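Undergrad: Residue numbers (the working numbering), protein chains in the order written: chain A, 4 to 328; chain B, 7 to 183; chain C, 111 to 268; chain D, 148 to 522.
To be clear, the hints were calculated from the coordinates, so they are not data collected in a lab. Mixed in with the good hints there might be a few duds.
Pairs of lysine-lysine residues, derived as PhoX-like cross-links and limited to a Cα-Cα distance of at most 25 angstroms, are as follows [to be verified]:
1) D:Lys185 / A:Lys304
2) B:Lys146 / B:Lys174
3) B:Lys133 / C:Lys158
4) A:Lys145 / D:Lys185
5) A:Lys145 / B:Lys146
6) C:Lys158 / D:Lys382
7) B:Lys19 / B:Lys107
8) A:Lys304 / D:Lys356
The model shown is predicted, which means the values in this text are computed figures rather than measured ones.
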Amino acid sequence: MPRDFVDIFGNPWLAAAAAIAVIMGFLSLNALMLIWMERKVSARMQRRMGPTERGPFGLLQTMFDMIKLLGKELITPTHVSRKLYLSAPVLMFVPIVAICSLFPLSENWVFHKYDIALVLVLAFSSMSILGIFAAGWGSNNKYSLLGAIRSILQNIAYEVPLILAVLAVVLVARSLSLYEIAMEQSPIPYILFQPLAAVIFFIAATAETNRAPFDIPEAESELIGGFHTEYSGMRFGMFFFAEYSNMVIVCALATILFLGGWHGPVLPGVVWFLIKVYALIFIMMWFRWTFPRLRFDQLLKFSWLLLVPLAVANLLVTALVLKLL
Amino acid sequence: MLQQETKSTQNGKPSVEELLREAGPLVHLDVLDNLLNQARARSLWPLTFGLACCAIELMATGAARFDMDRYGAGVFRPSARQADVMIVAGTISRKMGPVIKALWDQMPSPKWAIAFGGCTIDGGPFKYPNQYAIVEGADKLVPVDVYIPGCPPRPEALIAGILKLEEKIKAGKNFKA
Amino acid sequence: MSTTLLDTLRQRVPELKTEDNTSTPAAGCTATHVCTTADIPAIAEVFKQAGYCLEMLTCLDMRADGGIFRLVYHFSRADVPDRHRFLADVEPGHEPPTAALLFESANWYEREVYDMYGVRFAGHPDMTRILTEEGADYHPLLKDFGVAHPTDEGNGNA
Amino acid sequence: MPELIHVGRDEDRDTYYLNMGPQHPSTHGVLRLRLLLKGEEILEAEPIVGYSHRAHEKMAENRNYIQFLPNTSRIDYLSGMIYNIGYCQAVERILGLEVPERAEYIRIICCELNRISSHLLWYGTLLMDLGGFTPFLYCWDDRENILDILDEVTGSRLTYCYGRFGGVTMDVNDEFLQNTLDFCKRFRERLPEYETLVTENIIFQNRCKDVGVFDQELAQDFALTGPILRAMGHKRDVRRDEPYGIYDKFDFDIPTLNGADTFDRFLIRVEEMHQSLSIVEQAVSRIPDGPVMAPKVPRKIKPPKGEYYFAVESARGHFGMFIVSDGTEIPYRIHLRTPSFANLSSLRSVLRGTMIADTVAILGSIDIVLPEIDR
């Protein structure tokens with residue numbers, strides 16, 4: 004059995020503090036690199052250079068952006084309802100840190116072994132929508148209000164196929180603990196058993212993180228900034244940070260459920276895990292820079308009329324096949 | 007310092023403010039200011055905001071050949087709350103004046119303005135006596151940091167303007183024009 | 111120009127003075143008609159039935175030599191190149207009838223004429239300014255408004 | 148407690164006003180759309196213009212004919228060449244000036260290249276409004292090639308002042324013609340690539356197919372012209388109906404579709420780019436030698452007293468100049484009948500009942516340029 008943080012540090016409080024430190028370090032470093040990667044990937048896809056002047060290959064560009072955002076004035080507009088407006092970035096960021104503590108990175112790298120980790124992940128991931136709604140409703144600006152309402156409807160519409168796809172994996176693995184699901188997949192990753200569930204999961208996950216072609220809550224060309232129109236300085240930086248951390252979480256969940264977590268021929272477990280996560284993130288970025296944006300009602304129709312029936316059918320077929328085996 | 011000396015001795019002992027002023031700032035923030043200025047100079051987020059012909063050259067600078075993103079300036083923020091530099095590109099008509107003033111006030115504080123094109127310097131080709139329709143010059147509305155002449159100026163001129171603005175920000179307080 | 115159109119026009123508006131200028135291409139239209147503002151709606155109706163669109167409506171400040179504003183209407187046909195120019199004189203202060211009820215494009219044209227010349231149109235759904243700044247109390251295209259000194263001695267953009 | 152958004156209650160509908168205001172990423176400049184919204188559905192839309200009114204017509208009354216030339220390419224800066232040369236052709240027709248053959252061919256080449264560059268910019272901004280950023284950069288690549296070609300001979304990238312009464316200022320050399328041919332060949336290879344990237348993209352089709360359908364009487368009501376009219380089935384193009392210059396010597400057809408929705412307006416303009424390419428190729432292959440400026444041009448332009456009207460086909464539709472001359476050197480009045488002024492006013496009846504995302508798509512497909520509306 005792998006030694007989790009509680010065994011290493013003795014009392015649980017110290018373990019929790021260490022886990023938070025590790026997660027925050029991982030997430031912030033990750034967000035910095037992901038923003039840089041997105042700008043470089045989008046530049047390459049658009050036949051241009053992207054940031055090159057700041058450090059080798061523009062690596063320091065995001066660091067400068069973050070320092071500048073830290074140094075910006077935090078405007079709190081008067082027409083804003085303060086409680087909602089100020090709590091929104093926090094509300095959006097707390098679930099992300101919580102979810103990160105549930106992921107087993109490799110054989111013996113796990114913060115804490117929960118046997119129902121999957122339920123916790125799904126619960127927390129649907130909490131981050133509160134942050135978006137608080138931001139939209141709180142900033143008392145018509146564009147943000149539209150963005151907030153759109154994000155709620157989209158989130159509900161894409162939570163259902165997400166859970167149904169995950170259920171199919173749980174049926175096959177017969178366990179809710181991420182650690183055991185990953186362990187089961189040592190010979191063959193589940194994507195071969197459940198290709199349809201994997202596709203549905205990935206589409207719903209892209210919608211979950213509000214990224215194109217499902218980025219209608221902060222549709223730049225229609226709603227100016229969507230829910231984060233009224234945020235300036237590091238508060239806006241938090242939304243930016245949360246979006247990229249959300250991407251990491253969703254891709255990590257996808258690797259554990261479908262790509263077999265840390266299993267891989269030669270390299271150590273953690274490296275395989277990170278390679279798979281970054282590959283999925285690259286695909287997500289690829290989506291963003293090729294597809295135009297779906298219209299609001301088409302997006303909902305796409306989920307309710309296509310993804311949900313498919314996911315339910317997939318679930319039934321899996322149950323049937325397992326029954327016969 | 008001599009002149010300072012005579013003032014304080016007239017009323018006997020030096021007043022508290024003079025002592026403080028001589029001692030200099032209690033906390034030296036120059037290093038932090040310098041660091042912030044270096045970061046601000048290297049990541050200028052322009053506001054998506056085109057008025058007329060110069061807006062097309064602004065888009066050309068954002069496009070592939072003259073890529074502004076190389077200098078970190080390619081992130082065009084539509085909302086004024088998240089923008090650092092307002093590039094006034096095009097003729098400012100009298101009807102548009104108050105809108106520009108409102109946008110300028112909405113931008114968070116370390117903000118700069120680039121007057122891009124002849125119309126924003128002094129009305130450009132549309133300037134003639136008793137011109138009723140345009141505001142002749144962006145500096146009548148917003149404090150402009152860098153003026154870029156041309157009608158429309160070429161994208162290289164805009165990049166040169168942005169680099170000049172970076173010089174100004176990096177130099178911080180002791181910037182000599 | 112189909113003769114039937116001219117006849118229906120002549121019935122509706124008997125005292126219409128027509129001058130054919132197919133011979134002078136520079137004029138850019140097949141015929142120029144001079145009419146009074148009262149029968150503009152009638153003319154507009156005739157052209158609407160015949161499938162013409164109101165392509166252009168503008169105004170000339172002729173107060174210097176004749177004390178009138180001259181409205182210029184252009185009716186143009188969609189498929190066959192055929193354009194008619196109508197000149198209608200308006201005394202300053204009078205309100206010509208609007209053509210916006212028949213041709214929607216006239217809505218904005220008439221608002222622009224009002225904005226630039228001050229000629230109001232009776233029956234216009236939304237007679238407000240369209241181009242100049244809010245709270246403008248002047249009509250810029252009038253000949254006596256803010257005349258820049260004549261460009262003969264200056265170099266034009268003095 | 149701050150006063151929350153005023154949600155007016157009239158009868159049973161809770162509606163509110165939303166300003167897609169003068170500064171908005173997808174209003175192509177400084178248009179303000181005042182929308183009366185019920186949730187996401189638009190009840191009434193009223194475009195408010197005037198935010199880039201620059202008094203072109205007042206300046207026309209204070210300048211003589213030569214001095215108004217620079218203004219013409221700043222009215223609609225995307226088809227600046229077409230406007231500039233159109234104005235020269237108008238005055239030439241009034242004075243009855245003869246333009247040498249080579250100058251006519253050069254004018255045709257430059258105008259059609261300008262039309263392609265204007266359509267390319269429209270292509271990129273429409274896609275950017277629908278959320279796809281990459282096609283914008285692709286189109287801009289090709290547009291830069293055109294700007295280079297035109298830059299060599301006219302000296303400017305956007306606001307050309309290349310035409311004079313009686314011809315053009317600079318002759319073109321063989322390198323210019325060779326560059327144009329290379330561009331046409333390279334662009335013909337690129338268009339299928341655009342086809343796969345955008346036209347066959349299922350999301351783009353969903354966003355554009357039968358969105359913002361113009362019904363037939365709008366064409367007559369709002370005097371629509373240009374690609375919008377051709378997408379409604381009317382085969383109307385000033386280059387073919389009232390031929391000017393030497394357009395009647397070239398064979399090009401006028402594409403028409405009758406879906407009248409955003410997708411058809413998109414296809415029409417892509418097809419027009421093909422047509423313009425073929426015109427340019429024909430012109431480059433048949434360009435004769437000779438002077439580029441008419442031998443005898445009057446020093447002072449004093450057109451005879453009278454009213455004149457001349458129309459050209461710009462990238463957005465029928466651009467007409469109504470010139471009234473009182474015999475002196477300064478025009479009595481120049482009224483600029485711009486296509487987008489009429490096209491945009493049709494938004495009032497088209498946007499009823501659509502959603503905000505559709506407004507952006509329809510506005511993009513109408514392809515307006517604000518200074519051309521506000522003059």
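Undergrad: Looking back at the hints listed earlier, which ones does the structure fail to meet?
TA: 3, 5 and 7
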